[in-house]
Every structure is written in structure tokens, then in C-alpha cells.
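S.K.: All chains, please: the whole structure from these sequences, using the hints.
Line order of the protein sequences matches chains F and P.
All residue numbers for the first sequence refer to our numbering, where the first residue is 1 and numbers rise by one.
All residue numbers for the second sequence refer to our numbering, where the first residue is 1 and numbers rise by one.
Note that these hints are calculated values from the structure, not bench results.
Be aware that a few hints might be false.
[Stated by the list, open to error] Computed Cβ-Cβ distance ranges for the label pairs, DEER-style:
| hint | chain 1 | residue 1 | chain 2 | residue 2 | range |
| --- | --- | --- | --- | --- | --- |
| 1 | F | N204 | P | E399 | 21 to 27 Å |
| 2 | F | S182 | P | G125 | 50 to 56 Å |
| 3 | F | T374 | P | R367 | 36 to 42 Å |
[Claimed, not checked] Here are some, though not all, of the chain P residues that point toward chain F, as calculated from beta-carbon distances under 7 Å:
| hint | residue |
| --- | --- |
| 4 | I46 |
| 5 | A47 |
| 6 | K95 |
| 7 | V314 |
[What the hints assert, rightly or not] Examples of chain P residues lying across from chain F (beta carbon under 10 Å, computed):
| hint | residue |
| --- | --- |
| 8 | V202 |
| 9 | Q391 |
| 10 | G418 |
Treat the numbers as computed from the prediction; the structure is a model and nothing was measured.
We put the beta carbon where it would ideally sit given N, CA and C, even for glycine.
Protein chains: 2
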Amino acid sequence: MQNNNLSHQMSLMHALIRECRAGIPKEVEAMARKEGLSSNTLAHAIAMGKVSVPANPRHCRSAVAIGEGCLVKVNVNIGTSAQRCDHVLEVEKAKAAISCGADTLMDLSTAGDIPSLRRQILSLGVPMGTVPIYEAVRRSGNAVDVDADLLFQVIREHCKDGVDFLTLHCGVNLEALEALRSDPRLMGVVSRGGAFHLARMVQNGEENPLFSEFQYLLEILDEYEVVISLGDGMRPGCIHDAGRLAKSIEYLAIGRLSRQCLDHGIQRFIEGPGHIPLPQVGYNIRMIKELTDQAPLYLLGPVVTDIAAGYDHVVAAMGSVVACCHGADFLCMVSPSEHLALPRVDDIVEGTRVTRIAAHIGDCVKRGEAWQRTRELPLVEARRDLDWESQFREAMFGEHARSIHGRDGAVETCSMCGDLCAIKLVKEIFEKNHKQRE
Amino acid sequence: MQNNNLSHQMSLMHALIRECRAGIPKEVEAMARKEGLSSNTLAHAIAMGKVSVPANPRHCRSAVAIGEGCLVKVNVNIGTSAQRCDHVLEVEKAKAAISCGADTLMDLSTAGDIPSLRRQILSLGVPMGTVPIYEAVRRSGNAVDVDADLLFQVIREHCKDGVDFLTLHCGVNLEALEALRSDPRLMGVVSRGGAFHLARMVQNGEENPLFSEFQYLLEILDEYEVVISLGDGMRPGCIHDAGRLAKSIEYLAIGRLSRQCLDHGIQRFIEGPGHIPLPQVGYNIRMIKELTDQAPLYLLGPVVTDIAAGYDHVVAAMGSVVACCHGADFLCMVSPSEHLALPRVDDIVEGTRVTRIAAHIGDCVKRGEAWQRTRELPLVEARRDLDWESQFREAMFGEHARSIHGRDGAVETCSMCGDLCAIKLVKEIFEKNHKQRE
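M.R.: Rendered as C-alpha cells:
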């Protein structure tokens with residue numbers, strides 16, 4: 001029986017590989033080169049839904065592969081709010097994010113001329129996501145009165161504009177609401193999109209249309225070739241709520257919807273897991289992956305402590321590194337202003353850098369120590385040789401490193417140790433000793 | 001046989017507990033209260049060498065317990081260098097560290113009037129450590145000419161001044177040097193103290209006196225009741241060197257010396273492990289703990305990537321969190337200027353805060369989820385109630401959080417979501433729905 005299964009798997013695999021050989025699109029070949037993967041491997045992972053490529057044909061941008069086997073990617077959120085609505089600032093933030101290495105952007109605007117800003121951000125040329133319910137609520141005036149037709153109309157407009165992926169909180173359904181009532185949480189719901197759907201459901205007693213009309217939604221996504229990011233509207237909003245039921249009910253719903261996407265050839269990400277204690281990160285990541293046929297996992301958080309406001313970028317990075325060890329693929333930047341204020345440009349820069357470091361360490365864990373050694377060798381050799389220019393060239397944020405090193409004037413070593421630099425000392429003593437022996 | 005062992009252990013335990021009951025010093029009782037431990041548990045851990053308390057009787061300071069079962073502690077290094085020698089600045093850095101929650105300080109000065117600065121830092125009233133070889137090298141003019149008598153004289157002077165713990169690189173011995181030669185490393189030696197001893201050994205072919213005269217050293221430490229921090233002079237200085245032999249040879253030497261400390265009633269810390277890839281953190285920490293009879297472990301790093309200069313505080317914090325999961329007890333602050341320049345006050349603030357967050361997450365892992373929930377509940381309740389003043393009071397760095405929140409003016413929610421705050425929305429909708437049902 002086992003042999004039969006194996007042989008079935010093998011022939012499926014061979015069929016797929018044959019198909020890939022017959023004609024792997026050149027976009028896949030280009031992405032595979034960037035990832036350091038074979039084209040066959042990447043094409044196979046895409047076909048199996050383990051990798052997704054957000055690439056709306058109406059939007060001209062660089063294609064990015066996200067998921068199993070690929071390098072860990074970083075998304076950065078920008079967007080207006082009623083308190084701070086400045087399109088110029090948001091574009092500046094988006095550009096800063098790209099220059100710090102963001103792979104994708106999401107526009108989470110809830111105020112101003114939302115379509116106009118969306119099109120500006122789209123023109124920057126990186127894959128971009130949105131959360132259509134935000135615009136639907138703005139146009140409707142409040143969350144309770146958003147009707148299904150308006151929501152689907154907004155979704156269609158975003159697709160037509162060229163948005164590459166859409167966060168849609170399809171798992172926030174009546175069953176999840178019932179779980180929230182039967183097993184209450186301290187923080188209730190902290191997902192803004194989740195809260196909008198919930199408000200409507202509580203008020204009208206009606207099912208979330210994104211859940212009840214999921215088939216129709218898939219038809220739209222299919223028509224425009226847009227990736228769905230299955231939003232985690234029920235993610236816990238504090239450590240205290242991590243083990244409550246609503247989250248798991250949503251995991252199960254998202255798992256079923258993820259399978260429907262796979263069956264209909266719709267690419268998807270899965271979002272998770274919010275605020276959870278560090279020891280719960282591993283099993284949450286593995287559970288989401290298992291329930292979704294190993295779909296690409298897009299991390300919000302994990303925020304592993306609630307008391308470090310002002311440093312939640314560092315907190316999320318710590319959680320992310322552990323999550324990557326268990327299979328997370330895609331990190332949503334958390335900024336220093338998380339839980340406190342809309343980010344400024346400097347918050348975006350700091351948050352994106354720290355998130356990129358977490359992604360790199362994730363890559364090191366996933367690809368193994370030999371990969372890390374090869375990747376990092378040029379910097380290490382430059383450091384050994386006290387060759388500062390090469391160090392700055394090879395560092396992740398070289399100009400930032402240069403500004404720190406340069407502030408105490410030009411020295412061969414650095415102002416930490418000066419002439420007592422261990423590297424210099426050991427090099428000299430071994431050289432001297434070697435000459436004396438000759 | 002197993003029963004006999006067990007019964008032997010039991011009677012040893014009972015004897016110790018009886019002894020503790022007969023008279024636990026009130027300092028231990030005070031520390032136990034701060035740690036949330038019973039006095040017996042803490043006294044027993046101290047007696048077994050699993051917890052150390054750096055507390056030179058000649059130095060008036062708050063006693064801090066470091067090791068198994070205790071909250072994770074943070075040390076901050078300050079100190080002059082030839083490039084930047086400003087006593088006023090170093091005292092300012094020390095004060096900044098204390099205000100950010102440093103538990104201990106180390107003065108690593110290598111320039112200026114070292115004894116004078118040491119006494120100034122000692123007067124600040126927290127436990128303090130030094131690295132005597134630095135002053136010995138300064139007085140001798142260079143590392144090669146430091147003689148054993150001078151080194152022991154400096155050690156004695158530091159003890160007399162009231163220094164609470166001394167980093168002494170006793171494991172940098174001829175065997176470790178041979179390992180360095182037979183299994184060379186890209187970065188050689190990056191420990192400054194380690195390099196000084198090595199220079200001397202390479203030049204003169206003589207054993208490190210801290211190793212060959214370890215018994216004499218223990219007599220001095222015993223006389224002054226000073227804790228030894230067994231320095232990891234052979235710690236790898238880059239990811240590439242993590243698996244090379246010198247480190248393990250030093251682990252074994254330090255393990256034997258640690259046992260000698262235990263046999264002579266000398267308290268000790270063990271330092272480790274430097275630059276290592278994330279997947280190697282767990283086994284390194286457990287190996288060091290095993291080889292040293294579970295002595296308190298003082299983390300330098302772990303720096304888990306070499307290419308993020310300017311953000312090594314974040315990199316070390318990521319490594320530290322994983323190290324705490326495996327038993328690390330005491331974190332040495334890494335600043336944003338690590339590998340680049342002597343830290344300024346702002347580097348000390350940033351580095352200490354990020355290290356404190358790592359220590360807190362370490363505590364959450366070690367003490368468990370129920371402990372974390374209780375610890376963090378007041379902030380979560382304040383956040384749920386949109387009670388900002390209470391949030392700032394309960395946050396780790398409340399004034400910093402306040403400055404971010406306040407920059408977009410006074411709002412009930414925050415400028416991220418404004419009136420579309422999920423917390424506010426869900427609260428209102430449930431309240432409204434509840435009233436309608438009544």
C-alpha cells in the first residue's frame with residue numbers, strides 16, 4: 001500500500017517535472033536564478049501551491065517568489081489614517097522601504113483619496129497588496145453598513161488597478177464569532193479588517209460575504225490573476241489571548257479555504273499568528289502550515305511580549321527568527337511605532353532594517369551553515385584585514401555602519417580598542433613569531 | 001544502585017536545606033524576594049554553585065543573584081580607549097545604563113587614569129566587574145612584557161578597590177594555542193584579553209600564569225570574596241570559525257577550572273559563546289553548562305550573523321533569546337556600535353533597552369506562560385481600555401513609548417488607526433449589541 005502511494009507520488013512528480021521541462025516560463029527561470037534554485041524546483045513548488053508569486057498582469061513590477069525553499073521576503077505597510085493623511089509622506093515612506101530592501105509593499109490607507117495613492121504606490125514597481133475592506137468602509141461611511149456588492153466592487157477595482165495581492169479576512173465567520181463569545185478574549189479583536197467584518201456580523205447576524213461567497217471571490221481572483229492573502233482577523237492581540245479558541249477556529253476555516261484555492265489554481269498566502277508567547281511560536285507555525293497544505297506563510301508578528309511598546313520591531317524580529325526556524329516565509333515589517341502611532345519615515349527605515357536582519361537569519365537557518373558561511377565570507381575577510389571600505393560594501397546597511405565607524409575620526413582599527421585591537425595584535429604577533437622562526 | 005544514588009542525593013539535599021534553615025543570611029532572603037524564589041531554593045542554588053552573587057564586602061552595592069532559577073540579568077560595559085578617553089562621558093554612560101535597567105557594570109578602560117575611573121564607577125552602587133589584564137598591559141606598555149607578578153598585583157588592587165567580579169582568561173592556555181595552530185581560524189582571536197595572553201604565550205612560549213597558577217589566583221579571590229568570570233578568550237570571532245577546535249579546548253579547560261572553583265568555594269561565571277550560527281546556539285549553551293556543573297552562564301553575543309554591523313545589538317538579542325531558552329543567565333549588552341566604534345551614550349541606551357527586552361523574553365520562556373501572563377496583564381488591560389497613562393506606566397520604556405504616541409497630538413486611540421481602531425470598534429459594537437438584546 002505504501003509502495004503504491006509512493007509510486008503514485010513519483011509519477012505525479014515526474015509528470016509535473018516533464019510538464020515544467022516542456023516549457024518553464026522565463027519569468028520562473030529568472031526568479032529561480034535569484035533564489036538560487038533550479039527552475040524545475042521552483043516551478044514544481046509554484047504548481048503545488050507551496051510558493052506564490054504575486055504578479056497581477058496589469059501591473060508592471062519585478063516578480064518575487066514567496067514560500068518554501070525561497071529566500072525569506074519582507075513586506076512593508078504604508079498608508080494614511082484620518083489622523084495623519086499625507087500622500088507625499090506615504091510615497092516617501094514607500095520609497096524608503098524599497099531602499100532598505102522591502103520586497104513588497106502594502107497600502108493600508110483608510111483616509112484621503114485612496115485609489116489615487118494606491119496607483120502612485122503601484123507605479124513604484126514592486127509587488128503590492130491592499131486590504132479592500134478598508135476602502136469599502138470608507139466609502140460606506142461605517143463598517144456596519146458595508147454591503148456585499150460594494151465590497152466585491154472594491155475588490156474588482158483593486159484587481160483592475162493592478163494590485164498583486166489582497167488581504168481578505170474570509171475566516172472571520174459566524175463560527176469564529178461564536179468562539180469569541182464562548183471563549184472570550186481580553187483584547188477582543190485587534191485586526192482592523194477583522195473588526196470591520198465582525199461589526200457587520202454582530203449587528204446584522206449575517207455571515208461574512210467573503211466566507212459565504214468564497215467561490216465568487218475565487219472567480220474574480222482567477223479573472224485578474226491576483227493572489228489572495230487569507231487574513232488572520234482572529235489573531236490574538238495579546239499574550240493573554242494566545243490560547244483562546246477563536247484563533248484555532250479561524251486556522252481551520254482558513255485551511256479549508258486554502259484547499260479550495262489550491263483546487264481552483266488560485267495562489268494564496270496565509271497570515272498569522274499575532275501576539276503569542278515564544279514557546280508557542282513553533283507549534284502555531286507548524287499547525288498553520290499543516291492545515292493549509294504548506295501554503296506560503298505571511299507573518300504578522302509574532303509579538304512575543306506585550307510590554308515593550310516602542311521596540312515592537314525588535315520583539316517581532318525575535319519572534320520572526322524563531323518562526324522562520326519552523327517554516328515562515330514572508331515577514332511583515334513591524335515598526336518602532338507599532339501600537340503607538342502611524343509610522344514616520346525613520347520608523348519605516350528602522351523597522352525595515354531590523355525585519356530584513358530577521359529574514360537573513362531565517363535564510364541562514366533554512367539554507368544551512370555552509371550557505372551562511374559562503375554568504376558572509378567577504379565581510380569576514382574584510383573585517384580580518386581591517387579593510388573598512390570592503391566591510392561597508394559587504395554589510396547589509398553599509399552606509400549606516402560607515403557613519404558609526406567614522407564619527408571618531410579615521411583610524412586603522414576602530415575607536416573601541418584602538419591600537420589594542422585583538423585582530424591587529426594577533427596578526428602582528430603571529431607574523432613576528434613566524435619571521436623569528438625562519 | 002539507582003535507589004542508593006537517589007537516597008544519597010536526597011540526604012545531601014536535606015542536609016543543605018537543614019543548614020539553610022538554620023540560618024539563611026538576610027541578604028539571601030532579600031534577593032530571594034526580588035527573584036520570587038524561596039530563600040531555601042536560592043540558598044541551595046548558591047551553595048551548589050548554580051547561582052553566583054558578585055558582592056565584594058569592600059564595595060557597598062545592591063546584591064544581585066545570577067544563575068539558575070533567577071531572573072535573567074544584564075551587564076553593560078563602559079570604559080575608555082586610547083582613541084576616546086573621557087572619564088566624564090564614561091560615567092555618564094554608566095548612569096544611562098543603570099537608568100535603562102542594567103543590573104551590573106563592567107569597566108573595560110584601557111586608557112586614562114584607570115584606577116580613578118574604576119573607583120568612580122564603583123561609587124554608583126551596582127555590582128561591577130573589570131578585566132585586570134587591561135590595566136596590566138597599560139602599565140607594562142605592551143602585552144608581551146606583562147609579567148605574572150604585575151598581573152597578580154593588579155588583580156589584588158582591583159579586589160582591594162571593591163570590584164565584585166573579574167574577567168580572567170584562564171582557559172587561554174598552551175593547549176588552546178596549539179588548537180589554534182592545528183585548526184586555524186579566519187579571525188584568529190577577537191577577545192582583547194585573550195589576545196593579550198596569547199601574544200605573551202607566542203612570544204615567550206610560557207604558559208598563561210592565570211592557568212598555571214590558578215590555585216594562587218583562587219587564594220586571592222577567596223581572601224577578597226570576589227567572583228571570577230572565566231573569560232572566553234577563544235570565542236569564535238565570526239560565523240566561519242564557530243566550529244573550529246580552539247573554542248572546545250577552552251570549554252574543557254574552563255570546565256575543569258570551574259570545578260576547582262566549586263571545590264574551593266569560589267563563586268564563578270562562565271563566559272561564552274561569541275559568533276555562532278543560530279542552529280549552534282542551543283548545543284553550545286548546553287555543552288558549556290554541562291562541562292561547568294551548571295555554573296551561571298554570562299553571554300557574549302551570541303552574534304548569529306556577521307553582516308549586520310550597526311545592528312549587532314539586535315543580532316545579539318536574537319541570539320540571546322534562543323540562548324536563554326537553553327539556560328543562559330546573564331546577558332552582556334551589545335551596542336549598535338559593536339565592531340565599529342566606542343559606544344556613545346545613545347548607543348548605551350539603545351543597546352541596554354534591546355538587551356533588557358531579550359532578558360525579559362528569556363524570563364518569560366524560563367518561568368513559563370502563566371508567569372508571563374501575570375507579569376504583562378496590567379499593560380494589556382490598559383491597552384484594552386485605551387488608558388494611555390497606565391500603558392506608559394506599565395511599559396518597559398514608558399517615556400519612550402509616550403514620546404512616540406504623543407507626536408501626532410492627543411487622540412483617544414492612536415494615529416495609526418484613529419477612529420477605525422479595532423479595539424474601540426469591537427468594544428462599541430459588543431456594547432451596542434448587548435444593549436439591543438436587553
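S.K.: So, for every hint listed, does it hold in this structure?
M.R.: Here's how the hints hold up against the structure:
Between F:N204 and P:E399 the Cβ separation comes to about 44 Å, which falls outside the hinted range of 21 to 27 Å. Distance hint check for F:S182 and P:G125: the Cβ-Cβ separation is about 53 Å, which falls inside the suggested range of 50 to 56 Å. Separated by about 39 Å at the C-beta atoms, F:T374 and P:R367 satisfy the suggested range of 36 to 42 Å. Proximity of P:I46 to chain F is violated relative to the hint, the smallest CB-CB distance being about 28 Å (cut-off 7 Å).
For the restraint placing P:A47 at the interface with chain F, the shortest Cβ-Cβ distance is roughly 30 Å, beyond the 7 Å limit, so the hint is violated. Annotation: P:K95 was flagged as interfacial toward chain F, and the flag is violated, the nearest CB pair being 20 Å apart, outside 7 Å. Using the Cβ-Cβ criterion of 7 Å, the hint placing P:V314 at the interface with chain F is satisfied: the shortest such distance is roughly 5 Å. Interface restraint check: P:V202 against chain F, minimum CB-CB distance 5 Å, threshold 10 Å, status holds.
With a cut of 10 Å, the hint placing P:Q391 at the interface with chain F holds, because the nearest CB-to-CB distance is about 7 Å. The closest approach between the C-beta of P:G418 and any C-beta of chain F is roughly 4 Å, which is under the 10 Å cut-off, so the hint is satisfied.
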